[in-house]
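Q: Here's the letter readout for the chains.
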Amino acid sequence: MVLPQVASSPPAGVGPGGTSPILSVDGLVVRYGAAVVLDGVSLEVGAGEMVALIGPNGAGKTTLLNTLSGILSASSGTIVRRGRLAHVPEGRELFPELCVDDNLRLGAWRAASRDPAEVYELFPKLQSLARRRAGNLSGGEQQMVAIGRALMAKPELLAIDELSQGLAPTVVQEISRYLVRLNVETGLSVLLVEQNARLALELCPRAYVLETGRIVADGPSGHLREQPAVQRAYLGGHVTT
Amino acid sequence: MSTLAQYLITGVSQGFLLALLATGFVIIYRVTKVVNFAQGAFVVLGGFIAYSLLGVGVPHGISELLAVLASAAIGLVFGAVTILGKMGPTASLMTTIGLAIFSEAIAMLVWGTVPLTFSGLSGHDIEIGGVFVQPQYLLLIGVSIVVLAILWLVLDRTYVGKAMTACASNPYAARLSGINVKAMGLLSFAIGGALGGLGGVLVTPLFPLTYDSDVNLAILGFAAAIVGGLTSPGLALAGGLAFGVTEELVAGYWSAANQTAVALGLMILLLLWQSHRRQRVEQFV
Ligand SMILES: Nc1ncnc2c1ncn2[C@@H]1O[C@H](COP(=O)(O)OP(=O)(O)OP(=O)(O)O)[C@@H](O)[C@H]1O
Ligand SMILES: [Mg+2]
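Just so you know, the sequences run in chain order R and S. Per this note's numbering, the first sequence starts with residue 1, numbered consecutively. Per this note's numbering, the second sequence starts with residue 242, numbered consecutively.
The following block holds chain S by itself, in its conformation from the complex (with noise of 0.2 Å):
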């Protein structure tokens, strides 16, 4: 039962990781039309950066805050290589793929290839439901959802989120109205940058990072994405968590190797369903 209990508060943290980066995925194709798979770098970076910074004496918080700013600002950078052209949407989710292979290659320069980490939140475990809990598993819960909740308010209930909609709805459209459309873009990338760095330095302390650990990250959080159809940040939590609880079932009670091939599996399974319920949906709008 406990050991139960202790998959799950796993897997939802993993599922906020996930959650953070699929709402990242969301937030940039709404408003680009680009599918980021750099995503997963936002991650690694930030977390290395907090390393460093709290490596340098820069006290725990102002560390952590800088590496989210930082992310932000290699999020702005991706987002004007990726936007600022003409590209079509093939070549640019080429170009983020591309970047996401240079960070990596920045990352294992810099930082080397042995996994990193550092200490969290600092605290007695906690009790809940008779496991032990990490106080830093909560901080990473906790963060997620203020910060996920903020977000979709903004997006869905303010004049700017508003504008960023309308970006991605109709671009001509939206120039004709004057919103700066490749602003609002480079915006959705800072934000995407900063939801990775953010992910990145909570997770940091829980499961080290390696310099490519940004594929698999940017892969799941794709998955979880794209249950809401890469538009919804709702069901892009919904899917994050679905994936990182089951990746941790699968890795307790069978076997780590297999996780993300399952959770792949079930992907599969959530975009056939959807599909088929769409396809029913559309015979009546």
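Looking at chain R on its own, in the form it has when it is part of the complex (with noise of 0.2 Å):
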């Protein structure tokens, strides 16, 4: 999409969320040995911002997140970050055999301080669990414990990889509104995969689309929603609001 006019465009160092970014990325290509995972992606998170990531299985979605947080590196492109980001993975990788509050402090290991007590406002139900092992609760609370987690690294940006994998909707929806809740009122960025487009286009006014490697779509969710590729791969080839 072109912007018709300068004024309209946003001043010089403001993305397109409206807000001066706090992770750009640009032109990233990332490779397990040939194979060309990303292939030249670029995108940007507004300080303050959600926005969604969706792609089909294969996409490159898991390989970027990994990328982000230095676990995999780059071979060209580059990623300016401006804050701390905290990496919620794939599949929740919690460290079973630990309690719950185990689990948080250990997300606070580069922090200033290993108090979980936000992580349990939050999450009340946790606090309840906080003796429990890991590995024993359900999914949903798993989830939770995930999210807490990285939130105790203290982080301006959180990376969500697949946020509703498993879960029940009831559980989606409850952790969804302590997502917003969280954006809404500490202003942290968020950069959420979803494989569920739905959900994901719904939580964040912003999103990318992946595919092979590629963003192939981006934009303001309502927008997304309304291009016919974008309902018929992601939509179920129609649309409920």
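Please note: incorrect hints may appear among the correct ones.
Selected chain S positions facing chain R (Cβ under 7 Å, derived; list incomplete) [said to hold, decoys possible]:
#1 Ser410
#2 Pro412
#3 Leu417
#4 Gly419
Derived DEER-like restraints, expressed as beta-carbon distance ranges [as the list claims (entries may be wrong)]:
#5 R:Ile71 - S:Ile338: 51 to 59 Å
#6 R:Asp115 - S:Thr331: 26 to 34 Å
#7 S:Ala390 - R:Val29: 39 to 47 Å
#8 S:Leu379 - R:Ile71: 32 to 40 Å
Here are a few chain S residues that sit away from chain R, every Cβ distance over 10 Å (derived from the structure) [as the list claims (entries may be wrong)]:
#9 Thr354
#10 Ile369
#11 Val374
#12 Ser418
#13 Leu507
Simulated from the structure, these hints should not be mistaken for lab results. Yeah, the Cβ is synthetic: ideal placement off N, Cα and C, and Gly gets one too.
From these two lone chains plus the hints, build me the complex, please.
A: As structure tokens, then:
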């Protein structure tokens, strides 16, 4: 989309979300051996913005997040971050034999404070599970621990990989509400990777579509929802609002 | 009666030596998932280094301390060789066996093939239950108890200990949390080295060591560690004591040639019993 007038385009240094970016990725290329998995990905997340990244299995979403976290290295492109990033990995990846409280505290390895009080305030349910082994919790509880553990790093940007994976719709709604609350109350920026495009486009005002390592569409979620290609591929052919 | 008591004292001392080794196995495994078969080499090198330091006139206490620190450093080097690459568990196991054989060669070159010993804690023998016990036995037992207790507390109760557990539990998540997984692995190897070296300096005055004592020690230490599934320091201690005492009783009442075979037979029985028990438990988990 070409902006018609200079005046209506955002001032310099301001991202498409309307605020200065907390994360800008430009021309990112990531390979596993000879296979190019991310092929020139560029995206931005503004400060305080919630941005969705949707795309089919194998598109490279997890690879992108792992590269942002420094687990993988890029073969070219740039990543500029203004603030701490915490990553809630696909499949939760808790420390199953440690208790909930220990899982949370370990998230603060690099942070100044190890006190999980704020996480318990956000997820009151976790308080009563504090001494339980993380491996024995339900999927929804585990997702709360995974998000809580990431929050313990006091991030400015939270990257979540597959928030809804394996969770009942009501649990997804519950956790989504917590996320929106965090975003609104603390200004936390969120990059949400989701298979469930409907959910992602609902939660996040702006989104990117990643297919086989390339961003094929991006823009306000409302616009994306209207695009026939997006509808066919991600929304089951029709939109319900 | 007093012979039995004598065997028990010797067995318990041997047991604590095995427990120090087993705890080394456990700590390294818990953090890195590597079975470090070079664990016995730390005992031999620690004992020999202390022997040489004492030989050049470094006083008792300082010699032993330096030998333990040197063993920790050797552990660090072994750890670097084993975990800094991207070896899988089988390759790293083989690497540690290679390192053990390499240390034997070095030990033989430097110290020769004769069993070495040095005088331990001086003082009169102490009477316990009708037998006279050299103070060195009590030193070995006492120091082991203190060190193992401290380690257990550190591993189970402190933040660093939990971070070490996290590295073994889920290295990917540990990295995402900002924990330096490789550094924790190196730390565990250094602790393993120090534990082995400590065993070495404490035991050499009681049971002289040769350059190749490490193999037997590593096997028995591993046997003790595996009683706790390679993850429980408490059960590793129990295993160490069980094998140490069994060995001494077999050696005393039957024949020293059979002591290790019987101890390992006992290990197999324990493993079989545990696997049955685990299956029953798993049905309810
Ligand atoms: N360690 C690896 N080695 C080689 N190829 C890999 C590796 N990890 C992922 N890939 C490949 O990279 C591509 C992108 O994988 P990635 O996990 O990033 O996709 P994704 O978008 O997260 O998919 P999903 O929605 O299924 O989680 C896939 O083709 C995958 O097979
Ligand atoms: Mg993925």
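Q: Could you run down the list of hints and mark each one as holding or not?
A: Quick rundown of the hints versus the structure:
1. Hint on Ser410 of chain S holds. Least Cβ distance to chain R is approximately 4 Å, under the 7 Å limit.
2. Checking Pro412 of chain S against chain R by beta carbon gives a least distance of about 10 Å; that is not within 7 Å, so the hint is violated.
3. This hint holds: Leu417 of chain S has a C-beta 5 Å from the nearest C-beta of chain R, less than the 7 Å allowed.
4. Annotation: interface hint on Gly419 of chain S holds; nearest CB of chain R at approximately 4 Å, less than 7 Å.
5. Distance hint check: the CB atoms of Ile71 of chain R and Ile338 of chain S are about 31 Å apart, inconsistent with the given range 51 to 59 Å.
6. As the Cβ distance of Asp115 of chain R to Thr331 of chain S is approximately 42 Å, the hint placing it in 26 to 34 Å is violated.
7. For Ala390 of chain S and Val29 of chain R, the Cβ-Cβ distance of about 53 Å falls outside the hinted range of 39 to 47 Å, so the restraint is violated.
8. Between Leu379 of chain S and Ile71 of chain R the beta carbon distance is about 51 Å. The supplied range of 32 to 40 Å is therefore violated.
9. Taking the minimum C-beta to C-beta distance to chain R, about 45 Å, the non-interface status of Thr354 of chain S holds against the 10 Å cut.
10. Under the 10 Å C-beta cut-off, the non-interface status given to Ile369 of chain S relative to chain R holds; the minimum distance is some 40 Å.
11. Every beta carbon of chain R lies more than 10 Å from that of Val374 of chain S, the smallest distance being close to 40 Å; the non-interface claim holds.
12. Non-interface call for Ser418 of chain S relative to chain R: violated, since the shortest CB-CB distance, roughly 5 Å, does not exceed 10 Å.
13. Taking the minimum C-beta to C-beta distance to chain R, about 28 Å, the non-interface status of Leu507 of chain S holds against the 10 Å cut.
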